[in-house]
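Asker: Each chain, letter by letter, is given below.
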Amino acid sequence: MNTCVSSSTLHTTNLILSSLVPSPLSKNIAITGAGIVSPLGMGWQANEAALAADRTAFKPVELFDTREFIAKTAGVVDLPAENLFHRIPAHKQTYFDRGTRMLLMAIREALAQAGRENMEGIDAMVIGTSAGAMPLGEAYFEHAHQDAARAPAQLSRAEYYQPQRQMSSIAAEFDWRGPVIIVSNACASGANAIGWAADMIRSGRAKRVLAGGYDAIARLVFAGFDTLRALAPSGIPRPFDAHRDGLALGEGAAVMLLEAEDVRQSAALGNISGYATATDLHHLTQPDPAGKAAIRTMTSACAQAGVSPAQIGYINSHGTGTPFNDVAEASAIAAWAGDAVAGIPVSSTKSAMGHLLGGAGAVEAVICLMALQGQWLPASLNVREIDPAVHFDLVRQFRRASLDYALTNSFGFGGTNATLVLQRRSA
Amino acid sequence: MNARNIRIRGVGAVSSAGWNAAAMHTAVLAGTPLPSRSCARPGDVRNWPCESRFAPPAPPEKVARHPRLRRSSAITRYSVAAALEALADAGHDPSAPPPGLGILFVMMNGCVNYTGRFYDEVLQNPAQASPLIFPETVFNAPASHVASFLGVDGAVSTLLGSPNSIMEALDTAAFWIGSGIVEECLLIAAEECDWLSAEALTYYHPKLIGSEGAGALLLSASGDGPRVSEIIGPLGYLSWQERCDLLPELAAQTLAQFQGPATLINDRTGIAKLDHTEIAAWSGRPWDAVLSPKYVLGESMGASSALQLVLGTLAVRQTQQPVVISMPGSNTAAYACVLTP
Chain A
189 MNTCVSSSTL
199 HTTNLILSSL
209 VPSPLSKNIA
219 ITGAGIVSPL
229 GMGWQANEAA
239 LAADRTAFKP
249 VELFDTREFI
259 AKTAGVVDLP
269 AENLFHRIPA
279 HKQTYFDRGT
289 RMLLMAIREA
299 LAQAGRENME
309 GIDAMVIGTS
319 AGAMPLGEAY
329 FEHAHQDAAR
339 APAQLSRAEY
349 YQPQRQMSSI
359 AAEFDWRGPV
369 IIVSNACASG
379 ANAIGWAADM
389 IRSGRAKRVL
399 AGGYDAIARL
409 VFAGFDTLRA
419 LAPSGIPRPF
429 DAHRDGLALG
439 EGAAVMLLEA
449 EDVRQSAALG
459 NISGYATATD
469 LHHLTQPDPA
479 GKAAIRTMTS
489 ACAQAGVSPA
499 QIGYINSHGT
509 GTPFNDVAEA
519 SAIAAWAGDA
529 VAGIPVSSTK
539 SAMGHLLGGA
549 GAVEAVICLM
559 ALQGQWLPAS
569 LNVREIDPAV
579 HFDLVRQFRR
589 ASLDYALTNS
599 FGFGGTNATL
609 VLQRRSA
Chain B
963 MNARNIRIRG
973 VGAVSSAGWN
983 AAAMHTAVLA
993 GTPLPSRSCA
1003 RPGDVRNWPC
1013 ESRFAPPAPP
1023 EKVARHPRLR
1033 RSSAITRYSV
1043 AAALEALADA
1053 GHDPSAPPPG
1063 LGILFVMMNG
1073 CVNYTGRFYD
1083 EVLQNPAQAS
1093 PLIFPETVFN
1103 APASHVASFL
1113 GVDGAVSTLL
1123 GSPNSIMEAL
1133 DTAAFWIGSG
1143 IVEECLLIAA
1153 EECDWLSAEA
1163 LTYYHPKLIG
1173 SEGAGALLLS
1183 ASGDGPRVSE
1193 IIGPLGYLSW
1203 QERCDLLPEL
1213 AAQTLAQFQG
1223 PATLINDRTG
1233 IAKLDHTEIA
1243 AWSGRPWDAV
1253 LSPKYVLGES
1263 MGASSALQLV
1273 LGTLAVRQTQ
1283 QPVVISMPGS
1293 NTAAYACVLT
1303 P
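Listed in order, the protein sequences are those of chains A and B.
So in the numbering used here, spot 316 of the first sequence is number 504, and the numbers just go up one at a time.
So in the numbering used here, spot 253 of the second sequence is number 1215, and the numbers just go up one at a time.
In isolation and in its complexed conformation, chain A is listed as follows (with noise of 0.2 angstroms):
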């Protein structure tokens, strides 16, 4: 929404929509910072090594009865047992969601990366969610009902299950007032959350973007899934596999910081170069059989990124280890790429992580801008046998390769696609 570039005026001027003027379609964003946090580790050199290893990160959850659910492992992040909020006294530590104190970690990644120590000239924070603060809200919710007495606590617990709330924490962390855009299309909300801070970079209303998604495993959505008989029973998910039989949950947080060329103030590590948003109607849950929302948002976003399929050098595909999904995508991916798509490689890294919601998009273009610098592809792993929907080239090792371009799917219930397509830089 800003006219202007810098956070210590935005929040004092007028911000007036008059200066919205469309830029050119082809307008590369710039990257110039990456933080990521995940089951696999915290960081990106961490999670570079695990996915080098071919490293899985599924262990029993803990965080809360699992003796009466199908399913009871997920990708569980060993968050650090200090205070991670400096800013904040101690006693309010327990009110920051799981997923947010992920976040924040991330955000400081990013900003070290980018060279920064704060958020001052950062325009806006647009962070995708599925779940928000979910406990909070078990919290509250369970509060209420085992007793009808007014408590007094019960105002934090309500306060802080709003994930604005969550995200004016971090903005205090660094004593930052810009706008907080929260977007919550489910599984492709850290996807859309990077696109639309693009978005916002393209069209000129702001130069400078913390784009991400964080999402921390909760109670209810565990369970959720579990009722869907969404979870494999052995969590373990093996997408691509003729067999599979689920995904499994993971959780975690990923953010990038965007910069129009213009004001780029620290070396690029890639580009965002095209994204596109579509919706599924054909379920609220389940995908259209033939891809056709991913095949628009594939073909939009390379459009938008001026290249062919056969330019992709990797995707990291949606690629949850469900019947339904996992056919679904690759039906897509050959319509879109053609006689290109044997070429193009493929996988999944919800195979190691596990499938982290409103933060998988995030967390996966990070990967793929990890692919780019470090020019190299992630497995796809645990499979046995390729389902035969499958057309394009799995990668079912860690492999070195040569690539410019990378692209990320994310499909989330309600039918929310998402594409982004990343490119490479080498400084």
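Treat the hints with care, as some may be off.
Said to hold, decoys possible - Now the in silico label distances, taken between C-beta atoms and shown as ranges:
1. A:277 x B:1020: 43 to 53 angstroms
2. A:266 x B:1093: 29 to 39 angstroms
3. A:572 x B:1055: 45 to 55 angstroms
4. B:1218 x A:247: 53 to 63 angstroms
Hints listed in this document are in silico derivations from the structure and should not be mistaken for laboratory results.
Glycine included, C-beta positions come from ideal geometry on N, C-alpha and C.
Got chain A sorted already, so can you dock chain B onto it with the hints?
Answerer: What follows is chain B alone, placed relative to chain A:
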């Protein structure tokens, strides 16, 4: 193409005053708080006051038929009704929505009825929790249902946040329209109130009355309708004290944008402790009229700023004068906007 050329071509609303925008307009113009009633809670009887103003039952003509709506929660039904009214108000045939339509949805609390029901089932016995309910708990389920009902397969997105997050959505709608991503955009904000939400509001102040509803605006670059001529903000704050300190600046920046007679639509709840800073901030000039939808309708959380915008649109149409809308927010940023004929 820029947002100054964006027109609010149609509006629709469901509120505690009824299932159309006119009912809300009439109630707010009357200025008398609608009747409230004690919000029942399951199990033990509450020994402290908790009032609410729910939307009345839907009149038969407002009950939309669609497979997706059979199970959907109240928030979706409010949203569909408001969206259809906005489309009709803009001259579109609601049964054949225009091509190139996008949807931006804003909420704060979301699908609380199904979320509470599902979590209750999980606590009782996870193995018997209903798989049909869980997908309806997801924040973007209402937007998905509205999109399915209207056949919108393009850009559809849901934002979470304070009610005034609708200004960020409005800005994005203008971008979508301006860049050709969509031709027109439905901006919807909605909320449903359950006993948990109503109780939560009383922790902010014992007299705060929970409400619910939906506001919808059809935005377009062509046609007739009020313009969103100025958006002031976001003025970010990190505490209630900072918020209090910023509101005079918000008012001053807004009032510098125009002269002459105007209507003010404020955020007043009727609770002095919550209202006094905002009222003081906007008291520096005479207003032709001051409307306080929250005071009349109740605190409809994520829907409240959309209802202000719907009301503002109707006020501009009626008075042919500017309308200033104050949206101070509660925990992140303050906004104001000016609607003009």
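Asker: A separate judgement is required for each hint: does it hold in the structure or not?
Answerer: Against the structure, the hints:
no., hint, in the structure
1, A:277 x B:1020: 43 to 53 angstroms, "holds, 47 angstroms"
2, A:266 x B:1093: 29 to 39 angstroms, "holds, 31 angstroms"
3, A:572 x B:1055: 45 to 55 angstroms, "holds, 53 angstroms"
4, B:1218 x A:247: 53 to 63 angstroms, "holds, 59 angstroms"
No hint from the list above goes unmet by this structure.
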